[in-house]
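Chains A and B are the protein sequences, given in the same order.
The opening residue of the first sequence carries number 69 in the working numbering; numbering runs sequentially from there.
The opening residue of the second sequence carries number 69 in the working numbering; numbering runs sequentially from there.
Calculated from the structure, these hints are not laboratory results.
Heads up, a few of these hints could be off.
Copies of one chain are not kept apart here, so a pair can be met inside one copy or by any two copies together.
Result set (DMTMM-like, lysine to aspartate or glutamate): computed pairs, CA atoms no more than 25 angstroms apart in a straight line [as the list claims (entries may be wrong)]:
1. K179 / D164
2. K96 / E122
3. K123 / D229
4. K179 / D91
5. K179 / E122
6. K96 / D229
7. K179 / D74
8. K96 / D77
9. K142 / D214
10. K365 / E122
11. K96 / D332
12. K365 / E329
13. K123 / D241
14. K179 / D389
There are 2 protein chains.
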Amino acid sequence: MAVYTDVSDEDVSKFVAAYDIGDVLSCKGIAEGVENTNFMLTTDLGAYILTLYEKRVDPADLPFFLGLMEHLAKRGIPCPTPVHASDGEALRSLCDRPAAIVTFLPGLWPKRITSDHCREVGEHLARMHMSGSDFDIPRPNSLSVDSWRPLLESSGRIETDGVSAGLYDVLSDELMYLESHWPAGLPSGAIHADLFPDNVFFRDGHLSGMIDFYFACSDAFAYDIGICLNAWCFEPDGSFNITKARRMLATYRIERGFTQEELDALPILARGAALRFLLTRLYDWLNTPEGAYVVPKDPMEYVRKLRFHQSVKSAGEYGLD
Amino acid sequence: MAVYTDVSDEDVSKFVAAYDIGDVLSCKGIAEGVENTNFMLTTDLGAYILTLYEKRVDPADLPFFLGLMEHLAKRGIPCPTPVHASDGEALRSLCDRPAAIVTFLPGLWPKRITSDHCREVGEHLARMHMSGSDFDIPRPNSLSVDSWRPLLESSGRIETDGVSAGLYDVLSDELMYLESHWPAGLPSGAIHADLFPDNVFFRDGHLSGMIDFYFACSDAFAYDIGICLNAWCFEPDGSFNITKARRMLATYRIERGFTQEELDALPILARGAALRFLLTRLYDWLNTPEGAYVVPKDPMEYVRKLRFHQSVKSAGEYGLD
Chain A
69 MAVYTDVSDE DVSKFVAAYD IGDVLSCKGI AEGVENTNFM LTTDLGAYIL
119 TLYEKRVDPA DLPFFLGLME HLAKRGIPCP TPVHASDGEA LRSLCDRPAA
169 IVTFLPGLWP KRITSDHCRE VGEHLARMHM SGSDFDIPRP NSLSVDSWRP
219 LLESSGRIET DGVSAGLYDV LSDELMYLES HWPAGLPSGA IHADLFPDNV
269 FFRDGHLSGM IDFYFACSDA FAYDIGICLN AWCFEPDGSF NITKARRMLA
319 TYRIERGFTQ EELDALPILA RGAALRFLLT RLYDWLNTPE GAYVVPKDPM
369 EYVRKLRFHQ SVKSAGEYGL D
Chain B
69 MAVYTDVSDE DVSKFVAAYD IGDVLSCKGI AEGVENTNFM LTTDLGAYIL
119 TLYEKRVDPA DLPFFLGLME HLAKRGIPCP TPVHASDGEA LRSLCDRPAA
169 IVTFLPGLWP KRITSDHCRE VGEHLARMHM SGSDFDIPRP NSLSVDSWRP
219 LLESSGRIET DGVSAGLYDV LSDELMYLES HWPAGLPSGA IHADLFPDNV
269 FFRDGHLSGM IDFYFACSDA FAYDIGICLN AWCFEPDGSF NITKARRMLA
319 TYRIERGFTQ EELDALPILA RGAALRFLLT RLYDWLNTPE GAYVVPKDPM
369 EYVRKLRFHQ SVKSAGEYGL D
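All chains should be modelled from the sequences, with the hints used to inform the complete structure.
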């Protein structure tokens, strides 16, 4: 749910007049993206998304995000394409915030995940990795292993144990393991790093859009797979669905083969991915004021996922032969 | 800001399949309307608004609201038209809530009100009153003078005086006056009763849409004018702008003349309208939890408006000759 900035009708019309996209028909704040303010903008020439970048996004990262989307879209990846204004700029300013207009993608994000969705995600994730491999702006992953201990410490021992008794030590022990075993040197490039179901649109059973590249960064491709295993392959009851994982990894592999190092690293990358979302959820859980409109997500879901990955001995347990 | 109910992709697709409006391209929760959940729905045939009616709306009132919109739209009033499903029904059910699809209206609502906006509002308000005069479903105004004392009492003396010292007695005295002088027998019919700027769209300087008929009811036309005087004709600094009022009333009058009784009653109706919004704002101000996403509007704005109307001796002070 995200409309953090009110934009007046006059501001919108003036802003859009700098583009060659027709006259504004409507501009409605939408409940999409939690970091930024998003509007669905319709003009007499088409539909667009207007985004105002709020405090949580570092303006210095915007050329990476917008550049990556443009790079991928040019190569046929179904992601939003930044629209350039008449002066050539894609990144502009509205209501004292960095702002951009991107193309609108049709489709709905799925609430009930099927293995067909996972098949589509695997294929498109691999294509995205391949297409982004020659994108030359680097952006280190600011939410990777080095950031996790400070994140846990900012949640605090007492508060963390208040969520679940003994949780702080569980996470601290896991962190120690990950810090000393985190793999390096894996095939890397631009990854999405947040490809959850609400960021993926489908139409007629096929993937029609991947959105929200505002956690994208340069990191190991297989870490992106680890994130998707967590995001797409567990059932609401917490159990791992190997059929979903098998289909996701099988279609990924058709587009882009795995190295042996990636296969070996998959369990620890999936553990790391589980811990990363566990830690940010835990922090939000402890720091969202009561009665706030945004309901924080339960971090305990990721404790169960983490435990599963801790038990995995090899990539075969994710359905890979 | 209003997305109270999550609707899954499958639910939306199934719901829309019962209409003859094409296949769903997208469905995005929008920040419009505070009582209900609204989605901007696009199909391959056009754009629509999908509304789920939440607890604050009495389902028994929905045939009135939808019937009125349909009645007015048929007569050329720029308001949303309820779309009938293939079975003929406009009011259906989605996620255990009453739900309807209405046509999408282009335009932006104005943040900075000019007298040109007021001219357009006057004209269209009069046309709406004329067009609704033969709409035959009655709906008593549940937020008229009889409801105001219970509303004040539910806010409470101590809490009300906490907002501004002595406010409770000011409001109670005003209520006593309004209760004993409230006019009866004025020309009546269907009124909008909430025609604030965020419910009115403009395009190229002309009124292109009037939305949110969920406070509409059967009441005196001049009371609707009183509401619009409050909603459109005061400056951000609290001062009354007689030019705006004059233009609004002058264009109204071209479409629908005033009776002498209406002219005489205008000051008290404007006082009542100010008190009505003051009381609901006061209640929301006192009852919205801290940190909630919806920021309650300051009731004191309406104390200043009420004081102005109390000082008005005749309709001439609103710019009417």
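Going down the list of hints, with the structure as the test:
When the C-alpha separation of K179 and D164 is checked against a cutoff of 25 angstroms, the pair qualifies only between copies, where the shortest distance is 17 angstroms, while the shortest distance within a copy is 35 angstroms. Proximity of K96 to E122 under the C-alpha cut-off of 25 angstroms is found in both arrangements, the shortest distances being 17 angstroms within a copy and 20 angstroms between copies. Within a single copy, K123 and D229 get their C-alpha atoms no closer than 30 angstroms, and across copies no closer than 37 angstroms, so neither meets the 25 angstroms cut-off. In this assembly of identical chains, the alpha carbons of K179 and D91 lie at most 25 angstroms apart only when taken from different copies (18 angstroms versus 34 angstroms within one copy).
When the C-alpha separation of K179 and E122 is checked against a cutoff of 25 angstroms, the pair qualifies only between copies, where the shortest distance is 21 angstroms, while the shortest distance within a copy is 27 angstroms. Taking the shortest Cα distances, K96 and D229 never come within 25 angstroms of each other, neither inside one copy (42 angstroms) nor across copies (38 angstroms). With identical chains, the CA atoms of K179 and D74 are at most 25 angstroms apart between copies only, with a shortest distance of 10 angstroms across copies and 29 angstroms within one. Proximity of K96 and D77 under a CA criterion of 25 angstroms is satisfied in both settings, with 11 angstroms inside one chain copy and 20 angstroms between copies.
Taking the shortest alpha-carbon separations for K142 and D214, neither the intra-copy value of 33 angstroms nor the inter-copy value of 63 angstroms comes in at or below 25 angstroms. Within a single copy, K365 and E122 get their C-alpha atoms as close as 21 angstroms, and across copies as close as 23 angstroms, so both meet the 25 angstroms cut-off. With identical chains, the CA atoms of K96 and D332 are never at most 25 angstroms apart, being 47 angstroms at best within one copy and 41 angstroms at best between copies. Taking CA atoms no more than 25 angstroms apart as the test, K365 paired with E329 passes in neither setting, with 33 angstroms inside one copy and 58 angstroms between copies.
Proximity of K123 and D241 under a CA criterion of 25 angstroms is satisfied in neither setting, with 33 angstroms inside one chain copy and 47 angstroms between copies. Neither within a single protomer nor between protomers do K179 and D389 lie at most 25 angstroms apart by alpha-carbon distance, with minima of 29 angstroms and 61 angstroms respectively.
Going through the hint list in order, the structure does not satisfy hints 3, 6, 9, 11, 12, 13, 14.
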